[in-house]
Structure formats: structure tokens, C-alpha cells
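Asks: Listed in order, the protein sequences are those of chains A and B.
Read in numbering that gives the first Met the number 0, the first sequence has 71 at position 72, and its numbers run on one by one without any break.
Read in numbering that gives the first Met the number 0, the second sequence has 29 at position 30, and its numbers run on one by one without any break.
Keep in mind that the hints were calculated from the coordinates and are not lab data.
These numbers were taken from a predicted model, which means no experiment stands behind them.
There could be a bad hint or two in this list.
In silico DMTMM-like cross-links for lysine to aspartate or glutamate, where the CA-CA straight-line distance does not exceed 25 Å [to be verified]:
1) 91/A x 187/A
2) 25/B x 71/B
3) 289/B x 126/A
4) 91/A x 71/A
5) 65/A x 59/B
6) 91/A x 87/B
7) 91/A x 59/B
Covered by chain B, according to a simulated footprint, are these stretches of chain A (three or more residues, beta-carbon under 8 Å) [claimed, not checked]:
8) 139–147
9) 221–231
Think of the CB as a built atom: it goes at the ideal place given N, C-alpha and C, for glycine as much as any other residue.
2 protein chains.
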Amino acid sequence: MQNVFVTGASGFIGSNLVDALLESGKSVVGWDNFSTGRTEFLAKAKQHPKFSLVEGDTLDLISLSKAMQGCDFVFHLAANADVRFGVEHPGKDFEQNTRATFHVLEAVRSNGIQEMGFSSTGSVYGEAQTIPTPEDCPFPIQTSLYGASKLAGEGMIQAYCEGFGIHAYIFRFVSILGPRYTHGHIIDFYKQLMDNPSLLKVLGDGTQRKSYLHVQDCVRAILHVTGLQLAAQAKHRVEIFNLGTDEYCTVRDSIGWICAKLGLTPNLQFSGGNRGWIGDNPFIYLDTRKVRQTGWATNLNIQQSVESTVDWLKANEWVFEKPAVSV
Amino acid sequence: MQNVFVTGASGFIGSNLVDALLESGKSVVGWDNFSTGRTEFLAKAKQHPKFSLVEGDTLDLISLSKAMQGCDFVFHLAANADVRFGVEHPGKDFEQNTRATFHVLEAVRSNGIQEMGFSSTGSVYGEAQTIPTPEDCPFPIQTSLYGASKLAGEGMIQAYCEGFGIHAYIFRFVSILGPRYTHGHIIDFYKQLMDNPSLLKVLGDGTQRKSYLHVQDCVRAILHVTGLQLAAQAKHRVEIFNLGTDEYCTVRDSIGWICAKLGLTPNLQFSGGNRGWIGDNPFIYLDTRKVRQTGWATNLNIQQSVESTVDWLKANEWVFEKPAVSV
Numbered sequence: 000m001q002n003v004f005v006t007g008a009s010g011f012i013g014s015n016l017v018d019a020l021l022e023s024g025k026s027v028v029g030w031d032n033f034s035t036g037r038t039e040f041l042a043k044a045k046q047h048p049k050f051s052l053v054e055g056d057t058l059d060l061i062s063l064s065k066a067m068q069g070c071d072f073v074f075h076l077a078a079n080a081d082v083r084f085g086v087e088h089p090g091k092d093f094e095q096n097t098r099a100t101f102h103v104l105e106a107v108r109s110n111g112i113q114e115m116g117f118s119s120t121g122s123v124y125g126e127a128q129t130i131p132t133p134e135d136c137p138f139p140i141q142t143s144l145y146g147a148s149k150l151a152g153e154g155m156i157q158a159y160c161e162g163f164g165i166h167a168y169i170f171r172f173v174s175i176l177g178p179r180y181t182h183g184h185i186i187d188f189y190k191q192l193m194d195n196p197s198l199l200k201v202l203g204d205g206t207q208r209k210s211y212l213h214v215q216d217c218v219r220a221i222l223h224v225t226g227l228q229l230a231a232q233a234k235h236r237v238e239i240f241n242l243g244t245d246e247y248c249t250v251r252d253s254i255g256w257i258c259a260k261l262g263l264t265p266n267l268q269f270s271g272g273n274r275g276w277i278g279d280n281p282f283i284y285l286d287t288r289k290v291r292q293t294g295w296a297t298n299l300n301i302q303q304s305v306e307s308t309v310d311w312l313k314a315n316e317w318v319f320e321k322p323a324v325s326v
Numbered sequence: 000m001q002n003v004f005v006t007g008a009s010g011f012i013g014s015n016l017v018d019a020l021l022e023s024g025k026s027v028v029g030w031d032n033f034s035t036g037r038t039e040f041l042a043k044a045k046q047h048p049k050f051s052l053v054e055g056d057t058l059d060l061i062s063l064s065k066a067m068q069g070c071d072f073v074f075h076l077a078a079n080a081d082v083r084f085g086v087e088h089p090g091k092d093f094e095q096n097t098r099a100t101f102h103v104l105e106a107v108r109s110n111g112i113q114e115m116g117f118s119s120t121g122s123v124y125g126e127a128q129t130i131p132t133p134e135d136c137p138f139p140i141q142t143s144l145y146g147a148s149k150l151a152g153e154g155m156i157q158a159y160c161e162g163f164g165i166h167a168y169i170f171r172f173v174s175i176l177g178p179r180y181t182h183g184h185i186i187d188f189y190k191q192l193m194d195n196p197s198l199l200k201v202l203g204d205g206t207q208r209k210s211y212l213h214v215q216d217c218v219r220a221i222l223h224v225t226g227l228q229l230a231a232q233a234k235h236r237v238e239i240f241n242l243g244t245d246e247y248c249t250v251r252d253s254i255g256w257i258c259a260k261l262g263l264t265p266n267l268q269f270s271g272g273n274r275g276w277i278g279d280n281p282f283i284y285l286d287t288r289k290v291r292q293t294g295w296a297t298n299l300n301i302q303q304s305v306e307s308t309v310d311w312l313k314a315n316e317w318v319f320e321k322p323a324v325s326v
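For reference, chain A alone in the conformation it holds in the complex (with noise of 0.2 Å):
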């Protein structure tokens, strides 16, 4: 891995990784069509000698096939990563990120690329009988739009390992919490309290459980489990691993924590019922031994992971602006 092409470059995951990308010393491509990324998050990357920027759509295979020419390991994290807004346009998770997966595909065998690392997602285990999930649970029944998607994009990828020879990481995350978080519960609860610090209105019960991960420990373990070239010596040429925490908490903890760092104590308001919406799944927790095994651990717990986003909030509230759609 020198030259590495990441989709996604300008989003919460993806620019992270870029960064860490760049300071072990590998040369990048960013890719993106700041549909949703931020050109803000790139800031520091774009200074560098190494790294360079192409604005492009996944859907649009022709450019995104140039765009890739010369690297050696592509990271695929372009997707829509809501998993909750799934019923409102189920067109959205089949276009953005199953078609997508298939044009990464096609255009890193059209470069003769032989590497690549994928952002899946716990949610692939639907509602797992196995908790803690490992990732070789029973055969799970999807119950999202967005995990069929990252089940479709997965599948592809395991058939042209086998099929083309590609080597492949696919890592199924909790949800990943940290500085350039840009979606999900806590800025949500952060956005209701801006607009009245007395009132939070929360979907469910609050007893949801659930396991988060910092951006930093994430990106941490890819970079980890890619450089150990695992998936060269595996079976079908494709290494699977859980990334999160050796814990979990319920959204009640994670509304504490939140109002504490916010120096709040708004009153609750839940709309009842142990699913926050279609899909929701009202217990996350996966086993992660298998990564830990490599010799990858966290750095931050939960709690901390949660304060660290608050703070990045509070010291970011830019971000609740509606993005910038030019580089």
C-alpha cells in the first residue's frame, strides 16, 4: 500500500483516515462528490505534498475509473451512511451504496488494483441472536435498507476476491462518534438543546443499548489490520472484521453524559416503545476478539468517545450549517 485511493475522502470516516493515511507516509487520492462530506475536513489534508483531491460521483464509473489510475489500495467509504432514513427513499441506499460498490469494483479491476478496504456495518446483523455478535453469527435476516446495502456491497466484494483475485478488508462498524461526526443521536440531542435547552425529545423507550467507537481507535484499527496483509493468506482472499468497543451503554447513559458536558438538565420526552425507528435495532454489541486478537485495542472508552463529540461540537458548530457544494 503507497498509493491509496479513498471514496468518501471528504466525510466524517473518510477524512480521518485520510489524515492518518498521509502522516504514515502514504501518498493519496481523495475522492468525492461532497453530496454530504465537507471541504472543511480536508483542510489540513490538502496542505499536504501528497494527497490530492478529485471531485467526482461513484455513479459516474468512466471518471471514477481515471480518478484511480496508478494507486494500489482503494478504501471504499463513499455511501449514504443513514441508517434510519431508509423507508422515506429506499432508492437511496441502492443507488449510493450497492450501485456504488459495483462501480468501486469494476474500476479497481479495470486498474488491475489488488487491494482494498471496505466500510460495512454491524446493522448487517439485523437483529443478531448472538450478542455479543461475532462475525461468523448465524445467517442474519437484514431488517434495514441500509445494512442490505452494505450486505449487497459486501457480497460483490467477496465474489471478486474470488473472482478476480482481489484482496479485501471488510470491517462492519458500531456507529463511530469524534471529531468531524456529522450525523446521528448526539447531534441530533445537540441541535434540540440549541433550540431549547429544556426539552429533549428522544425516539423510544432510552433503553436502546447500544456500542460506539471513536473515529480515532477506527481508523487506528484499519490502518492496523490492512498492513498485517491478513486477507493475502486468507481462504477467499477477504478478511472480515467487527470493529467497536468492549462495551456498551443505553441512550439514557449517552443522554447524561451529553447534558453533563452541556451543563443541561432538560427535561425528557420519549416516544415510547424499544425502537427509535423502522429498523432501529434495540441492542448493537459485537464481538470483537477477532481484531483484538491482531494486537489492535481502543484508547477511549464509550464515555469518553461521547464527551470527545460534544466537544468537538461545541467548538464546531459550523457544521450545523447546510455544507458547502463546491471544492
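Fit chain B to the given chain A structure using the hints.
Replies: This is chain B only, laid out in the frame that chain A set:
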């Protein structure tokens, strides 16, 4: 289920399903683009007053939605059905299977249809660790573009069930044999032996173990299971069934039965290795206890299914001609 829509109606399994649905008193709308289907397979159905045929492509969502109007159950069987040649045209499985299934789901949703059935495949298990392979085996790795495209279809269907209250039946088939069989190893061997009765070239070493099911048993299972309305009571509104025989054979067994039926004793030339093609699974044997527990059982074993297929090919050599493109 009264007014049934069948995609891939002029295909091997589709046309057999259409005939069985009509026999059981249902009204049927057949949908096909005749890219691989055969108008001859619908000759009997076309005589039936409760059958209508619409020629169209599943990738044309507007026409598909319109044709589906008034139906209350959709069987989505249209697909690129050949597992072997994925690496020669990776876009085919994506377009004709993954994207086509998304279109069927959108058409089902826009028409307010509550129930559907889907022809998936045992190929979604990749090279299963557990044999016989149950529906809830460990989360598999995809080894073929065909399997990956069917897995993508399964996942989307499951997410639509959760998100939009649809009830679905997913059937994971072994290879199907019997009348109207048009692709697979028997037809390949038959064609070779028509050209040269003294030599048969075989992919792999002939020890690959496969399971097969007769199309009549397959169609009976589909009608039996969907008639039980199990999906309405299932946790995620979806029921998945393996469909296969409770046995397997080797490629050499199958060759023996075919040659005996044809009265030939060709020399056998094996290409070697335990895989016939990239992504070939040297041992496919599904655990079919779940469907058997509903009361269904096979009428025909694998040898009878192979022999029935050879008999049908002998009586219908016209299928070796290029298919007609118009209805």
C-alpha cells in the same frame, strides 16, 4: 393469493410454476423479456382463460409496475440464472439480478402488494462449513457473482418486509432438473455427446458432490409453503426455506446415469481439480429439514431427476436451437 404475478414466466422454473398456479385455480399474469425464456414453455398456459402474458423487461420499472396492477402476490423468478459465467460479464448479475430485484420491490411497494416469493440459491452459502447446510448456518462468504447477486436480492427483500410490512418467502434452491431444463451440466454433456458420442469433456475431476431437485417437486414445495401463510406470523415477516433432495451425487454418478439413458459409453476427459469453474463449490448439500417439517416431501430422487431431464431433452431437441425472440 388469487391474482399472481410471475416474473421470468417463460423460464424453466417460472413456466412450471405458472402451470401449477393455473391448475390450482389462480389467475396468473406472466412477465418475461424472453431473453432466455422460451415462448414454447407457455404454450399450455396460453390456452388457459386465467392466464395473461406481458412482454417486458424488469429493468423498465414503469412498465413493470403497470403490469403488476391488481395482483396480490408476486413470484420474482426472472434472473440471470447461470452461476458459472459471472466473471465473464460481472455487470450481468448486478443488472439482471440485484437491480432487477430492487425494481420488483419498488413495483410491489407502489402497488401495495403484501406478499411475494423469491427464487434464491444455495450458492449464497458459498463454500459452506456446515454440510448439510441449514438456513441459519454461519454467516457465509460469497464465492460467485451469482450468489452475491441473489444475496443482495434476499437482503433487500428482507428490509422491504421490515420497512413496508410485506410478507416474503425466500427459497434457496439447489440446481433444478426436469422438463424445460435449458442450462447446466446435463445440457452441456448432452450437446457434446450429440456432436461426438465417443468423447465427453468434464470440468473438474468428477468428484464434485452436488444436490439436485426435480422441478415438479420444487414447484410443489413453493405452492405448499406459500399456502401455509407462515411469513405473516414470522418475526421479520420473512420465511427462508432451503429446497433440495435429502441426498447428493457426484458428477461421475450423473455422467453414468446420462450415458446409460443415451446408451453411450464415451471416453471421459477430466480437466482436473475439484472445481469446475471459478466459484464452483465442490460440495453442495442443503439441510432441508425446515421445509420437510411443513409436510412437503420429494417424489423423485436425484437419479430419477437426471433421467427425467435426459428424457425430456431427447423429446425436445428444439431447445438446442436459438430461442425465438418474440412472443
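Asks: Each hint should be assessed against the structure and marked as holding or not.
Replies: Hints versus structure:
no., hint, result
1, 91/A x 187/A, "21 Å, holds"
2, 25/B x 71/B, "11 Å, holds"
3, 289/B x 126/A, "21 Å, holds"
4, 91/A x 71/A, "29 Å, violated"
5, 65/A x 59/B, "30 Å, violated"
6, 91/A x 87/B, "28 Å, violated"
7, 91/A x 59/B, "18 Å, holds"
8, 139–147, "holds (count 8)"
9, 221–231, "violated (count 0)"
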